[in-house]
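Peer 1: Listed here are the chains, written in short residue letters.
Protein chains: 2
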Amino acid sequence: MTKICGDASNFAMSALRGFSLIHHDLVRLVRGGVLRAKPGPKGKVAVVLGSGSGHYPAFAGYVGKGFGDAAVAGDIFASPSTQAIKSIARQADLGGGIILGYGNYAGDVLNFGIAADRLREEGYDVRVLATADDVASSDASTRERRRGIAGDLLIFKIVGAAAEAGLTLDEVEEVAHRVNRQTCTFGVAFDGCTLPGETEKLFEVPKNRMALGLGVHGEPGIDEQDVPSPEALAKILFDRLLAEIPHEAPRRVAVLLNGLGSTKQEELFVLWNALAPMFENAGLTLVAPLVGEYVTSLDMAGCSLTLTWLDEDLEQYWRAPVDSAALRHDKLVGDGVADLAVEDEATIVYMRSATAAGRQGGACVADVMENLAKMLAAEESSLGHIDALAGDGDHGQGMARGSAASARAARNAANAGAGPATVLATAADAWADRAGGTSGALWGEGLRAFSTALDDGRLPSAEQLSQGARNSMERIMLLGRAKPGDKTLVDALVPFVETLERELAAGHELIKAWMEGAEAAYQAAQDTRNLLPRMGRAKMHGERSKGHPDAGALSLALCVRSVGRDLRA
Amino acid sequence: MTKICGDASNFAMSALRGFSLIHHDLVRLVRGGVLRAKPGPKGKVAVVLGSGSGHYPAFAGYVGKGFGDAAVAGDIFASPSTQAIKSIARQADLGGGIILGYGNYAGDVLNFGIAADRLREEGYDVRVLATADDVASSDASTRERRRGIAGDLLIFKIVGAAAEAGLTLDEVEEVAHRVNRQTCTFGVAFDGCTLPGETEKLFEVPKNRMALGLGVHGEPGIDEQDVPSPEALAKILFDRLLAEIPHEAPRRVAVLLNGLGSTKQEELFVLWNALAPMFENAGLTLVAPLVGEYVTSLDMAGCSLTLTWLDEDLEQYWRAPVDSAALRHDKLVGDGVADLAVEDEATIVYMRSATAAGRQGGACVADVMENLAKMLAAEESSLGHIDALAGDGDHGQGMARGSAASARAARNAANAGAGPATVLATAADAWADRAGGTSGALWGEGLRAFSTALDDGRLPSAEQLSQGARNSMERIMLLGRAKPGDKTLVDALVPFVETLERELAAGHELIKAWMEGAEAAYQAAQDTRNLLPRMGRAKMHGERSKGHPDAGALSLALCVRSVGRDLRA
Numbered sequence: 001m002t003k004i005c006g007d008a009s010n011f012a013m014s015a016l017r018g019f020s021l022i023h024h025d026l027v028r029l030v031r032g033g034v035l036r037a038k039p040g041p042k043g044k045v046a047v048v049l050g051s052g053s054g055h056y057p058a059f060a061g062y063v064g065k066g067f068g069d070a071a072v073a074g075d076i077f078a079s080p081s082t083q084a085i086k087s088i089a090r091q092a093d094l095g096g097g098i099i100l101g102y103g104n105y106a107g108d109v110l111n112f113g114i115a116a117d118r119l120r121e122e123g124y125d126v127r128v129l130a131t132a133d134d135v136a137s138s139d140a141s142t143r144e145r146r147r148g149i150a151g152d153l154l155i156f157k158i159v160g161a162a163a164e165a166g167l168t169l170d171e172v173e174e175v176a177h178r179v180n181r182q183t184c185t186f187g188v189a190f191d192g193c194t195l196p197g198e199t200e201k202l203f204e205v206p207k208n209r210m211a212l213g214l215g216v217h218g219e220p221g222i223d224e225q226d227v228p229s230p231e232a233l234a235k236i237l238f239d240r241l242l243a244e245i246p247h248e249a250p251r252r253v254a255v256l257l258n259g260l261g262s263t264k265q266e267e268l269f270v271l272w273n274a275l276a277p278m279f280e281n282a283g284l285t286l287v288a289p290l291v292g293e294y295v296t297s298l299d300m301a302g303c304s305l306t307l308t309w310l311d312e313d314l315e316q317y318w319r320a321p322v323d324s325a326a327l328r329h330d331k332l333v334g335d336g337v338a339d340l341a342v343e344d345e346a347t348i349v350y351m352r353s354a355t356a357a358g359r360q361g362g363a364c365v366a367d368v369m370e371n372l373a374k375m376l377a378a379e380e381s382s383l384g385h386i387d388a389l390a391g392d393g394d395h396g397q398g399m400a401r402g403s404a405a406s407a408r409a410a411r412n413a414a415n416a417g418a419g420p421a422t423v424l425a426t427a428a429d430a431w432a433d434r435a436g437g438t439s440g441a442l443w444g445e446g447l448r449a450f451s452t453a454l455d456d457g458r459l460p461s462a463e464q465l466s467q468g469a470r471n472s473m474e475r476i477m478l479l480g481r482a483k484p485g486d487k488t489l490v491d492a493l494v495p496f497v498e499t500l501e502r503e504l505a506a507g508h509e510l511i512k513a514w515m516e517g518a519e520a521a522y523q524a525a526q527d528t529r530n531l532l533p534r535m536g537r538a539k540m541h542g543e544r545s546k547g548h549p550d551a552g553a554l555s556l557a558l559c560v561r562s563v564g565r566d567l568r569a
Numbered sequence: 001m002t003k004i005c006g007d008a009s010n011f012a013m014s015a016l017r018g019f020s021l022i023h024h025d026l027v028r029l030v031r032g033g034v035l036r037a038k039p040g041p042k043g044k045v046a047v048v049l050g051s052g053s054g055h056y057p058a059f060a061g062y063v064g065k066g067f068g069d070a071a072v073a074g075d076i077f078a079s080p081s082t083q084a085i086k087s088i089a090r091q092a093d094l095g096g097g098i099i100l101g102y103g104n105y106a107g108d109v110l111n112f113g114i115a116a117d118r119l120r121e122e123g124y125d126v127r128v129l130a131t132a133d134d135v136a137s138s139d140a141s142t143r144e145r146r147r148g149i150a151g152d153l154l155i156f157k158i159v160g161a162a163a164e165a166g167l168t169l170d171e172v173e174e175v176a177h178r179v180n181r182q183t184c185t186f187g188v189a190f191d192g193c194t195l196p197g198e199t200e201k202l203f204e205v206p207k208n209r210m211a212l213g214l215g216v217h218g219e220p221g222i223d224e225q226d227v228p229s230p231e232a233l234a235k236i237l238f239d240r241l242l243a244e245i246p247h248e249a250p251r252r253v254a255v256l257l258n259g260l261g262s263t264k265q266e267e268l269f270v271l272w273n274a275l276a277p278m279f280e281n282a283g284l285t286l287v288a289p290l291v292g293e294y295v296t297s298l299d300m301a302g303c304s305l306t307l308t309w310l311d312e313d314l315e316q317y318w319r320a321p322v323d324s325a326a327l328r329h330d331k332l333v334g335d336g337v338a339d340l341a342v343e344d345e346a347t348i349v350y351m352r353s354a355t356a357a358g359r360q361g362g363a364c365v366a367d368v369m370e371n372l373a374k375m376l377a378a379e380e381s382s383l384g385h386i387d388a389l390a391g392d393g394d395h396g397q398g399m400a401r402g403s404a405a406s407a408r409a410a411r412n413a414a415n416a417g418a419g420p421a422t423v424l425a426t427a428a429d430a431w432a433d434r435a436g437g438t439s440g441a442l443w444g445e446g447l448r449a450f451s452t453a454l455d456d457g458r459l460p461s462a463e464q465l466s467q468g469a470r471n472s473m474e475r476i477m478l479l480g481r482a483k484p485g486d487k488t489l490v491d492a493l494v495p496f497v498e499t500l501e502r503e504l505a506a507g508h509e510l511i512k513a514w515m516e517g518a519e520a521a522y523q524a525a526q527d528t529r530n531l532l533p534r535m536g537r538a539k540m541h542g543e544r545s546k547g548h549p550d551a552g553a554l555s556l557a558l559c560v561r562s563v564g565r566d567l568r569a
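Chains as they are written, first to last, in UniProt numbering: chain B, 1 to 569; chain Z, 1 to 569.
Wrong hints could be hidden among the right ones.
Copies of the same chain look alike in the list, so a pair counts if it works inside one copy or between any two.
With a straight-line cut-off of 30 Å between C-alpha atoms, the simulated DSSO-like cross-links for lysine-lysine are [stated by the list, open to error]:
hint	residue 1	residue 2
1	Lys207	Lys546
2	Lys38	Lys331
3	Lys38	Lys65
4	Lys512	Lys374
5	Lys207	Lys539
Hints were generated in silico from the structure; no laboratory data involved.
Can you make the complete structure from the sequences, with help from the hints?
Peer 2: See below:
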């Protein structure tokens, strides 16, 4: 929905004016449209594009060297007037004739058609190009009824480059009709758009549904289904276009994956993952494909896939330099596929412990880490639920992911014969790496600090474990800057360490001391119910967490309990 | 809301992979981030950027020549791991030292800080840059607590250019801290964002309200108010930043008006209209300002304004060539303001009628057009309501706008002494120009066709008027391709013309014949209640218009009635 709107009836022209201000190195504002700021050479064919507004960067963003000479802008989703088209075409004329390019819609056909007739009466040589790439809008047998949608980007880019290359009007017109015939688009929509100044959507797509073949002004689609997976969506788009390519057509294709407005670039990238290999598998070579927003429909959610099969000169025009707000390239390069085999980390060479006790200690640490991971996997969902009250609910997931990676790394190190310090340090790094976020870093650093109290040559002693726990606590408090009472894991960690130390100092044996510590930690974690978070993101939603323990404190308590059970075993 | 998602827990990495596929001429995917595809020269300072994901094009889109050497990407809104930062920094290193750039958030400070320490232990010379441009996140007196938001684009661009220019690590670090101190951002949000895989927003902004100073992860803002006009919003953003510029600071500024995700480019352009003059009026010179999406927050609605005051070398680095997915310029040019005085149409020289009768006839046509315009202004809202049932409700507006322009043009021509044909032709062109859309074109062409039956030398005769009406009908039916029964203005136009002709042929005088025609038209317009539209956009929503007359047919009937009243007078 349009929030920065002002007078809605003037929105389109106000947006065009602001565009012209910021891009006045590229365009010059005239009544009803924009002209290239630096006109092309005398005698060049002038490429004048147009449509209703609401499709930015179409078409003002297409004006510049190697692309359009001018764009005529109507009101939102409404054809520009015949007068505006005539006036701008006259100003864009360089003496080499004029191509009027527009989508094949009733209003545009009418206004551009009349303008062309009038301009011809005035002595201009004018040719028209009504783009018709939308395969959903009519069958291949009635291509002339098809609408123009995102294919406009490819068609007009190629026509603009042909004109820039100095072709005659007849030649540019031939290229225009050829690329129009060789371009097809299929699109889907997840949600409707809202006209500026309105609060209701122009049309709605039911929740979790997807409309196939819906037009860029909300023209009805041809089908509807549940929103599919990215892979299934890629197949729907790709198969529909593949069926359009004639057998004898060239196998090199320019491609555009276009976002309609509120579908984010990240979503298009996710979809491209699934799409790119389909071209390869079908024997099609991608030529400088584009992913982004090039023909939008206000804030409509959805995307479309466009494909142009390229003979030699169309490829040359597609790759040619272009300098406009929408496209700026010295040369369109790349093929949109790559060998993305990501190298794994270098194989770690573990220091093998010199003693059997050290190797046994390493194995014990790996056992502890594996049991921790099992416990945290079981608790993942309940920790996530508690965390969602104060934060974004990813704590359970992070702990499960970190501990699982940690357990694998620990086992690898132990299998290589590493001692307890090395095994734990390895586990610490793996945890931090895979858990991510603040808590992942704190756990990794805490475990690493713990490991510095151990010795690779022997089984950990009670003294070492106690020292390790204190090291962890100090490191975590230093890095995280939390104090007891802030409703963080520190609330459970401090009583654990202090109880452990006190019990050992009182002469109790390790297992009892550890379990006492664990119980103190658990109790303290439960007591965080009464606290409000004072730090980090949790502070934002603190009120919601009232009456619930802190997820970080609780998971720490569960972990020391789990370790305690292993010590006993 | 994310519709193309797949496994939500893998969304960030899947998007990064797709980005790397399509932009593999610029970047190379590695575990947890991307490196420049073509590394810089040996000895160059490596600029390694990072943050959680969900902010595209930040930061993978910042990797390329003249900008970042690498980007580390965490999960959505979560800091990357220390391990990932270390691993990518090592791979990005060119032997000239490393700058780690990130926003000043707890998780990032922790992970990048630890990574820096570890890398230093390994022998790398590492400097850190925690961006802190968000003026809403802390007072100027506690700048070090401020968060980094859209200022990242300007700060990192300038740091990247300084590194590319071959500065030493000490020098790049100095530039980095300087530009960080000289950059400030203030943002507003209209609506919250939704994490991939979730259906509920992370936070909500109440309807028609605007949160001031809200963070890019939904951190609470400092105030809330109703959504203001573009001018008032511009003032809020601008004033807040102006207050940050020290008295002695240079008066040349780089500026970014940034969209947060679902705020469209057109809205930003509308806002820029109001913003650009404020800089000028405050004595600030804009240096290559940018308007667009550079630091987003998933699908959050809102925008921010960033300003960097530039001394000579910062300006040089800001303007320096850059080749990345987010920014691609040989040189950043333009100053974002322009003299946009749009020339009005060339003054029309009207043909003065040679006869008094012709001049009188021209004045009569102007009277008729003025009365038409008055009537259509009065009917604007009711015609709009009827049209909204079948279309987008702009019919009343278009008719009122077209007829008003038409009346003005007719009066000008009549005042200049033009005869009826010229006055009506002038009125026709003005109508088509200002009404816009399909119906504007049809009315303009219809009136123009009517004018060809008139004669500038005398008062229009009954025969001429009847011929004019037929000319209109034929032209409109030819262009619009509508037939009676399609629920368009043709349904009223045909009975009008046929009745007029029949009545005149039967020997009735003009006024009676015309009024009979008008009544036939009105009756036929009412009868369109029973029809379903078969053409154009109205066809889409046809069912809703059942039981209501067609707006176009009704307005035609009202117009011929109005003309009839003038004939009688």
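Peer 1: Could you run down the list of hints and mark each one as holding or not?
Peer 2: Hints, verified against the model:
{"no.": "1", "hint": "Lys207 - Lys546", "in the structure": "between (33 Å within a copy, 27 Å between copies)"}
{"no.": "2", "hint": "Lys38 - Lys331", "in the structure": "both (20 Å within a copy, 17 Å between copies)"}
{"no.": "3", "hint": "Lys38 - Lys65", "in the structure": "both (8 Å within a copy, 28 Å between copies)"}
{"no.": "4", "hint": "Lys512 - Lys374", "in the structure": "within (23 Å within a copy, 95 Å between copies)"}
{"no.": "5", "hint": "Lys207 - Lys539", "in the structure": "between (33 Å within a copy, 24 Å between copies)"}
Comparing the model with each numbered hint stated earlier shows that all of them hold.
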